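Since the structure of chain X is already known, use the hints to place chains W, H and E on it.
Number of protein chains: 4
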Amino acid sequence: MAQPIRKLRIAVSGLGRMGARHADHFLHLTPRAQLVAAFTPDAKEQAWAKENLEPWGVKIYSDYDLMLKHEGLEAVCIATVTTVHAEQTIKAIEAGKHVLCEKPLSTKLEVCQQVFEVAARHPHIKVMCGFSRRFDKSYSSAYQLVTNDHIGRPTIIRSQTCDKYDPSGFFVEYAQFSGGIFVDCNIHDIDLALWYFSAASRGAQLPVVKSVVAVGVTALEPELAQYGDVDNGVGVVEFYDGQIAYFFSSRMNAPGQHDMTEIVGTKGKLAVNASPTIDMLERHTSTGINREIPQNYFERFEMAFVEEARQFTEAVLENKTVPVDLKSSVEAVRIGIALQESLRSGQKIWFDREGNRVDGAAMTGGSKL
Amino acid sequence: MAQPIRKLRIAVSGLGRMGARHADHFLHLTPRAQLVAAFTPDAKEQAWAKENLEPWGVKIYSDYDLMLKHEGLEAVCIATVTTVHAEQTIKAIEAGKHVLCEKPLSTKLEVCQQVFEVAARHPHIKVMCGFSRRFDKSYSSAYQLVTNDHIGRPTIIRSQTCDKYDPSGFFVEYAQFSGGIFVDCNIHDIDLALWYFSAASRGAQLPVVKSVVAVGVTALEPELAQYGDVDNGVGVVEFYDGQIAYFFSSRMNAPGQHDMTEIVGTKGKLAVNASPTIDMLERHTSTGINREIPQNYFERFEMAFVEEARQFTEAVLENKTVPVDLKSSVEAVRIGIALQESLRSGQKIWFDREGNRVDGAAMTGGSKL
Amino acid sequence: MAQPIRKLRIAVSGLGRMGARHADHFLHLTPRAQLVAAFTPDAKEQAWAKENLEPWGVKIYSDYDLMLKHEGLEAVCIATVTTVHAEQTIKAIEAGKHVLCEKPLSTKLEVCQQVFEVAARHPHIKVMCGFSRRFDKSYSSAYQLVTNDHIGRPTIIRSQTCDKYDPSGFFVEYAQFSGGIFVDCNIHDIDLALWYFSAASRGAQLPVVKSVVAVGVTALEPELAQYGDVDNGVGVVEFYDGQIAYFFSSRMNAPGQHDMTEIVGTKGKLAVNASPTIDMLERHTSTGINREIPQNYFERFEMAFVEEARQFTEAVLENKTVPVDLKSSVEAVRIGIALQESLRSGQKIWFDREGNRVDGAAMTGGSKL
Amino acid sequence: MAQPIRKLRIAVSGLGRMGARHADHFLHLTPRAQLVAAFTPDAKEQAWAKENLEPWGVKIYSDYDLMLKHEGLEAVCIATVTTVHAEQTIKAIEAGKHVLCEKPLSTKLEVCQQVFEVAARHPHIKVMCGFSRRFDKSYSSAYQLVTNDHIGRPTIIRSQTCDKYDPSGFFVEYAQFSGGIFVDCNIHDIDLALWYFSAASRGAQLPVVKSVVAVGVTALEPELAQYGDVDNGVGVVEFYDGQIAYFFSSRMNAPGQHDMTEIVGTKGKLAVNASPTIDMLERHTSTGINREIPQNYFERFEMAFVEEARQFTEAVLENKTVPVDLKSSVEAVRIGIALQESLRSGQKIWFDREGNRVDGAAMTGGSKL
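Protein sequence lines correspond, in order, to chains X, W, H and E.
Position 245 of the first sequence, counted from 1, bears residue number 245 in the UniProt record's numbering, the numbering being contiguous throughout.
Position 212 of the second sequence, counted from 1, bears residue number 212 in the UniProt record's numbering, the numbering being contiguous throughout.
Position 2 of the third sequence, counted from 1, bears residue number 2 in the UniProt record's numbering, the numbering being contiguous throughout.
Position 137 of the fourth sequence, counted from 1, bears residue number 137 in the UniProt record's numbering, the numbering being contiguous throughout.
If we strip away everything but chain X, and leave its shape as in the complex, we get:
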């Protein structure tokens, strides 16, 4: 008789919109993981968990610290509100648990760096930030092509995150916690830029930011202005050594979620999702030809989240490097925060090669490189 399979015993912290899905993925779609526990302080989420998780043998906790002590627990997937990501991550690391944390670690750079330092002191613990888009089939195929020199040197990256307009105004209230549109939405695009620009070195060598600049408008939700936020933002990030990434984010994309990315290289271009669709169905009616697109981020990236769970699980079980480098995730937050600051101040922000802010008056344009 064969040896039974060893499964990673994992818990999910937070059972909101994304947390519930993470729980589902680890419970049902990640063969090598076993969801053993879940934490939520919220009564409604607990009720959901009683019905949907407990029957599958998952223990429900209302105390995070207690959950960390669940017998045999090896890893935690943190999907709580952003404000407690860092604290819970640190606690988990210090309790010897591997961590998959939803992006971003924090909307504050120093807090991110603190997590990074704690993780650095526990090198045997796997810590990974959940940049789900990297696990999407189209994005990962593009990465393979870039590393195989299919398009030459990646030079320009354009990437956008456009959400369907939510007339409930939820995102207006959320703006006070989200860190702003560049930290909340474009963080994915920034992560992709860092990923593809470092593809030649397989992630070892992150590109170095030279300047960031951003603008934005409040087209539908003027209330956002009080939080220094916008509902449409455009940001440009210039890297040393001749690379540029530019981003667009919008909270008012009419048909649904449209996230797309182009990687422009010296020999070709890769375009991910230039022509969005939710499936392979087109309707030919008297008004023309029509297709639908995903209604939200999860609908677009569901399988990427599943793949993320699987790859994290495998990395822990087989003691491999996690597929999203933590340093890169901190850098993404740094860039997002700088873009948000530029949006607010209206000023272009400059950095030297060591990452220190410098006076732009002394800097010269990209064409002089």
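The set of hints was computed from the structure by calculation and includes no laboratory data.
Accuracy of the hints is not assured; some may be wrong.
Since copy identity is lost for identical chains, a pair holds within one copy or between any two.
Stated by the list, open to error - Here are the simulated DMTMM-like pairs of lysine to aspartate or glutamate, each with C-alpha atoms no more than 20 Å apart in a straight line:
(1) Lys137 x Asp279
(2) Lys267 x Glu117
(3) Lys327 x Glu87
(4) Lys320 x Glu54
A quick note: this is a predicted structure, and the numbers were derived from the prediction, not measured.
Here is chains W, H and E on its own, set in the frame of chain X:
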């Protein structure tokens, strides 16, 4: 503490290309099912099972009858070679097991009908033929639209199954068992035609075949002719009451698998997969813009197979009607066989409304309806 | 001073929907042609001509024979009702005028053959049937690729002509003259099949029809039945030597005109207009992503008609072979008529290699080739 | 007998790549225009004109001033090198000739303004800058939709001009005259932004620039740096009243010309050319599905140039307002120059509502609007 989840205890029979995948789906991707056993007479497949199934607690059998006696077994997924589908299905039914059987039940109509009769005598047993395409998201969305009268009355269905050319010639050898291209490939398209044409009655009223005619050529594999088969076939099925389905199948589609379907109604048309692609990535290089398509049937329909497993499991556990009606599956074989016969004889074949063959000379054209 | 340009002096016969456009093309968009005369017996068309052609120096005639005597006239473009195509073509040939005649020459095969014989007796006169689709950029690019062996041997051709539904019922009345849907609509598709299948020989060797079979339905206009016609037709043409063409035509395509063609070869496939659109604009609104398609045949093929006029003009001026072979155009009518007959009788029709009708009972299926 | 048609007697100045095409369009494809003269100082171009224009009755000049005196001349299309656009335009206006001038009027703002003033002093003379993209069918359809409030208030415009890489290095040499990538390439995109943002007022109210910022890199042609230019540029223009346009230009697009534009409104988005193709043909071969795109700007916009010629001709003959407002064309140059300056200096540039440069330190970000 909540009641633990009740899971359907299922076995998979046959662990070849598709069987191994069915096993994987029931084992890892169908939360409410538990794969408890698997049968294969093949040594190589048994070795695979030892490595990939046994460690997950699956018992491996080399005797089908013995497997049927596995304690607590409730259902069987049959994915052996077509020639034993019917026999195994009947044995399973008679042993009181629910059955999900790969298409077709048999390449012989009378054998299909025999299965149908056995199933009819065991009304508490669920028997479903695995017409996977119905579980694809695009196809099921199209079905919803048809039932919601989005395109008026479905009138013409065009559907094709085009496989990537396999230079190994496997399909030539296989032709002696497959029943021929219309039974092996277009059976899916025939099933879709029956499904969409009966959508108004939610499947209760199958369309009635009036005539079938088929032609074909052996473009790359002349050896097929000895089995009365071709590598490219075109078939037309005329139904009573003004509906037509026409089909194309090919074994030599250069870029990969391209199955597509159009449902033409009196008010609009639904097109599934007119513009095939494997993901959302396009490559812009000096030779133009390029995209890839799935390389085989499974790559195209993987998630549909998973959905099929889930819906079958749910139907059994909750005692619901299975989503693919067995009578329709028999009818699909009948039409496929008639097309293959027409291909071989060169003659158009006619049926009366009761399904009896009639002499075509007495029939009149469709325009007289 | 350079020699002034010699222009082809041409007349247009018939100024209905298409005739007016031909006049416009020769007048304004064919640099090497000079429209010198136009004929129409219709008062309304004459009024249009007075306003739109006469000011540009075009002489208007209400007598065709008189027009043929217009001083210096060299060529005639015939765009009258189909019933007089042949008579006018013969008169023009006998008057020594080159002829570009709208398709079809006639809906009667013997009349087509008569035109062909007259033309054959006047070898210095250019006679060309206006199969406009051949002059479309996408179709002619496809032809180049076929002749360059890009897809191997063309084996299967699928082609469709789908018109937007015209609720005025015009096409019902027209059905008594049109020759039926296969002669009126699919004639283009038949022509394309002959063209691509003879591409290897650059048109010298037409494929030889072995059998035709057709079915159809009257989905929206039952009145069509009295003329032996339908509003949706499917036809299959089998050629000797292993080639098949299958066709679809519809009068009820909801969004507009959708003509598409696939040429399946042993090494690849060319698809023309699989994903129709009228331009490069897509609308992203709350109902999804929407695009429009051409509303009628002319909107889709406008530039092809212009190119046709230019190539015909050049062929005459430079005494080159006309780009559409007259024999092929007669063959297209023969096939269209046979399909229409099969539609009406319900019977498959067989031909021997010399084009004689033979008894199908003696024939065998395509797979035996 | 009807009154003969009155045609606009026009001359073309400059017979280089674009000039020769303009001559062709006015000669052969603009029914209401008569090309009577052409000027070029270049021997090679003169030889071409002798062969291609003179036989059609066009008089060839090697002296621009002399050409202006051609008897009966009413209008001039200026397609010489950019450096003489302004001078020739002014001369033509002062000689009482209407002018269609290739973009840009000049790469120097003060020169543009000088032309504008001369034109303003001759209000009966039509002066139009040839922003060809506005005459493209997709772009003009988009304009109609915007004016019809199909997408709500236009808020964000993204537009790009990407040329196929020219390994001859022509564009490097040209960079010393072109004004730089933002003035040479993105000028079209800037024009489109001004057009769509002023659509609500039908062009009467141009949006007011608040700030511009640009970055760029020399990925393939480092020699460009000596001219303060780049081969890939990204620019962002912020307008007062909550509108943003952002641009990308590239000299190294591998498959060919890819110009695309998105107009994001509060209720929807219009996308022009998100999925580029040269025609409706796709090739399905063993490497996947492939399509080609236009190889250069003219191939993409040929029909737009023809339409431009027709609309200019009609505006003159019927004394209508020209479809491209001259003030807007000057504004486009002003923005292009500012972007180029920002690229070179690395600094963001600010303007007050009157168009005066102001100190950015005093300005606040877009989110405060």
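These are the hints, each one checked on the structure:
For a Cα distance limit of 20 Å, the shortest separation of Lys137 from Asp279 qualifies both inside one copy, at 15 Å, and across copies, at 7 Å. Taking the closest pair of Cα atoms, Lys267 and Glu117 never come within 20 Å of each other, the shortest separation being 39 Å inside a single copy and 45 Å across copies. When the C-alpha separation of Lys327 and Glu87 is checked against a cutoff of 20 Å, the pair qualifies only within one copy, where the shortest distance is 18 Å, while the shortest distance between copies is 58 Å. Taking CA atoms no more than 20 Å apart as the test, Lys320 paired with Glu54 passes in neither setting, with 31 Å inside one copy and 25 Å between copies.
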